[in-house]
Structures are given as structure tokens and as C-alpha cells.
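Asks: Given next are the chains, with one letter for each unit.
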Amino acid sequence: DGGITQSPKYLFRKEGQNVTLSCEQNLNHDAMYWYRQDPGQGLRLIYYSQIVNDFQKGDIAEGYSVSREKKESFPLTVTSAQKNPTAFYLCASRDVGGATLRSYNEQFFGPGTRLTVL
Amino acid sequence: GQQLNQSPQSMFIQEGEDVSMNCTSSSIFNTWLWYKQEPGEGPVLLIALYKAGELTSNGRLTAQFGITRKDSFLNISASIPSDVGIYFCAGPDLIQGAQKLVFGQGTRLTINP
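From first to last, the protein sequence lines are chains A and B.
Mapping to the numbering used here: the first sequence position 51 is 862, numbers consecutive.
Mapping to the numbering used here: the second sequence position 14 is 15, numbers consecutive.
Isolated chain B, as found in the complex (with noise of 0.2 Å):
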């Protein structure tokens, strides 16, 4: 089945530094979403890209869909202790479209104050 592959899987940064991880494909994804898990938590939808070449912003979060549909880069700015979590990539399944969502492995980001 289709799968996704985040990079790095763990990251340890100084508070203020910014973060850059991304998520790619073999195959071609018509949607991606970022989702941050809190310790504990259930995911909570960050980003949503529906266009290849889309940039998108949140806050201090830009995401960007790839140009070639296979990959999604997350990036976030002067990360502050709350930006603690795992942070997952998803996109619906090739087959089965929007009924069945394919997830990466999580991008587990730990920030030294």
C-alpha cells in the first residue's frame, strides 16, 4: 500500500531555532494534512494543502505542496516549549480516496528552553 515517509523522525532544538521536516511519497498525493499530537492527546489538524505549489501559513507554521504531488514540507518559525509534539503528515488514500487516510511515521520535535 502507499506509504509515507517523514524526515527527520526526531529532532532536539534550542528554543527560537526554526524547524524544517518533510514527508514524501513514491506515489501522488491530491491533498496533504499536518496534524500536531500533544503528549497524551489526539491529533489536531494544523494545515490543509489541496494544490500542487501551494503555500500555506499558520502562524508561524508554512507548509508547502510539493511540486511534483509526492512530497510536503512543514516548517516552523522561532519555535517556542509549546511547539512540543509529534507531528504527522496524512493524505487520502490512493484508492480509496478521502474514506481512508494514509499517515507518515510522526516527526517527534523536543525543545531544550
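Next up, chain A with everything else stripped away, as it sits in the complex (with noise of 0.2 Å):
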């Protein structure tokens, strides 16, 4: 089955430690996104990637790193200068690449890593 892995699905860490949320899709799609959504907020846009090895800031990128390697591979490191860290991150995905519209524009997503911080 295509789709979007996210692990683990709730994540603890101490105040001061970094932490790595993981985000896998076998899509084979080029852009990739992460989000940050508080208790009964939207989301909010971290960082993104539409290509291996770039990436650009999002809205809330402050306190954030992301790398991409590999096409199918996008992890968020939550660092220790991310003020409030606790909540709930969605990483999404797209077909840059799409044969139609449709493709071109929607966003896919996967099921999100609850992080808290102690």
C-alpha cells in the first residue's frame, strides 16, 4: 500500500533535548511538508522540500531543522531552541510531477506524531 508513514505516533522528551520526528512516504512524490497543529488550531507550515537536498522555511520554521536526502525521506528535528514544542505534527506530501491538475495541487498526509515535552 502507497502512503505516508509517520513514527512513532506519541513521542516524550525531557525540556532541553532535541528530538527527531521521522516522515516516510513510498508515493514517489517530490515535495514534502511538515506542520505544526496546536489544540484547536490549523496548521501551520514548518518547513517543505519540493526537490532531494532543498528545502525551504516555512511560517514557524524558528526552533526547527529538516533534511532531505532521499526522495522519500523528510525528518523534523524539534531543537531545544523551539519554545513551545508540544504539539502535534503532520507531515504531508505531493505530486510535483502530477499528470493532471488534480495531482499537481493536493496535498496528502500522514497520520502525525504527537510530541510532549516535559
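FYI, nobody ran anything at the bench for these hints, they're computed from the structure.
A hint or two may mislead.
What the hints assert, rightly or not - Some but not every residue of chain A turned toward chain B, in silico, with C-beta under 7 Å:
| no. | residue |
| --- | --- |
| 1 | G853 |
| 2 | L854 |
| 3 | A892 |
| 4 | L901 |
| 5 | N916 |
| 6 | E917 |
| 7 | Q918 |
| 8 | F920 |
| 9 | G923 |
Just so it is clear, CB atoms sit at the ideal spot from N, CA and C, and this is done for glycine as well.
Please assemble the complex out of the two chains, which come individually in their own frames, going by the hints.
Replies: What follows is the structure, given as C-alpha cells:
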């Protein structure tokens, strides 16, 4: 089955520790995204990548870092510089080279990782 | 930047009722996407709209692309308990196009059995 995998589902860390969230997709999509969602809130873009070895800051990139060494993987590191890291983190991907207008615009989401910093 | 405003922010209805929600913007969008997010899960794409005036259905869900290109509507007929969740509208950013989606704040739907 093709899809996006995020692991683990729940993650606990102590304050001051860096933590890396995993995102893997086997959809052969070029573009990948990381969003943050706080309780009762919408989605805020952290980082995105249109192609391997390239990525851009989103609206709330401070305190986060990413890498894109492989097409199928886009890990997000939440650093100790992020003031309020406890949140629900969502990864998404998009088919940049889609043959139709439909696939070019649509983003598909993973199941999310809930990070709690104690 | 562009913003999408969803209304209402929350809805409390009885099972079997019809639901209507909308998404508006001060700027034009050429695509409207409607997602549903169940508690603790990632959003799932329900309906995509690509043409002004377009009306598209997916089971009991019907969405419309407003003629002005500044709004979109989602209707759910005969609601059932599994319709519970947050419904988001989204569209491609005016400057960056499909590279970046703008999301509304969501409409939270609660259903009383």
C-alpha cells in the first residue's frame, strides 16, 4: 500500500533535548511538508521541500531543522531552541510531476506524531 | 498573506441533520480543497474543486466552487456519527502556487446521537 508513515505516534521528551520526527513516503512524490497543529487550531507550515537536497522555511521555522537526503524521507528535528514544542506534527507530500491538475495541487497527509515535552 | 476564513468555527447538531459550512477569502483562488481530520489523525482529502461554479459530490458530501472564486461551500446530508471531526478548506498560495497551501482554521463538527 502506498502512503505516508510517521513514527512514532506518540513521543515524549525532556525539556532541552533535541528530538527527530520521522516521515517516510512510498508515493514517489517529489514535494514534502511539515506542519504543526496546536489544540483547536489550524495547520501551520514549518518547512517544505520540493526536491531532494533542497528545502525552504515555512511560516514558523524557528527552532526546527530538516534534511532531505532521500526522496522518500523528510525528517524534522525539534531543537531545544523551540520555545513551545508540545504539539501535533503532521507530514504531507505532493506529486509535483503529476499528469493532471488534480494531483499537482493535492497534498496527502500522514497520521501525525504527537510530541509532548515534559 | 492570504487568509481563508471558515464559518462556523464549530457546529453541534443532531444525527440525521444536514450540515453547511463555508470558506471565504478576500483574494481569488483557482483551486479549493476540502479535508476532514478525525481526532488524533492526519487530514484526509474529501473533495477537490478546480473550476468556478463547479459542484462536486462524494457520497453524502457536496462541495461548490463559488462563482466569484473567493468562496467555497461544503454540505453534508443526513449526518451520521462518523462525520465528527474538523473540516478544513485549503487552496494554493497566490504567489507560490501549488508549492504552498493556505488552510482555513477549520470547522469542528460535533454530532449528538
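Asks: Each hint: holds or not?
Replies: Verification of the hints:
The closest approach between the C-beta of G853 of chain A and any C-beta of chain B is roughly 4 Å, which is under the 7 Å cut-off, so the hint is satisfied. Below 7 Å, beta-carbon pairs count as interface contacts, and L854 of chain A has one with chain B at about 5 Å; its hint therefore holds. Taking 7 Å as the C-beta cut-off, the interface hint given for A892 of chain A is violated, the closest approach to chain B being about 24 Å. The interface hint given for L901 of chain A holds, since its Cβ lies 5 Å from the closest Cβ of chain B, which is under the 7 Å cut-off.
The interface hint given for N916 of chain A is met, as the beta carbon of that residue sits about 5 Å from the closest beta carbon of chain B, less than 7 Å. Hint status for E917 of chain A: holds, given a least beta-carbon distance of 6 Å to chain B, under 7 Å. Checking Q918 of chain A against chain B: minimum C-beta separation of about 6 Å stays under 7 Å; hint holds. Proximity of F920 of chain A to chain B holds as hinted, the smallest CB-CB distance being about 4 Å (cut-off 7 Å).
For the restraint placing G923 of chain A at the interface with chain B, the shortest Cβ-Cβ distance is roughly 5 Å, inside the 7 Å limit, so the hint holds.
When held up to the earlier numbered hints, the structure conflicts with hint 3 and nothing else.
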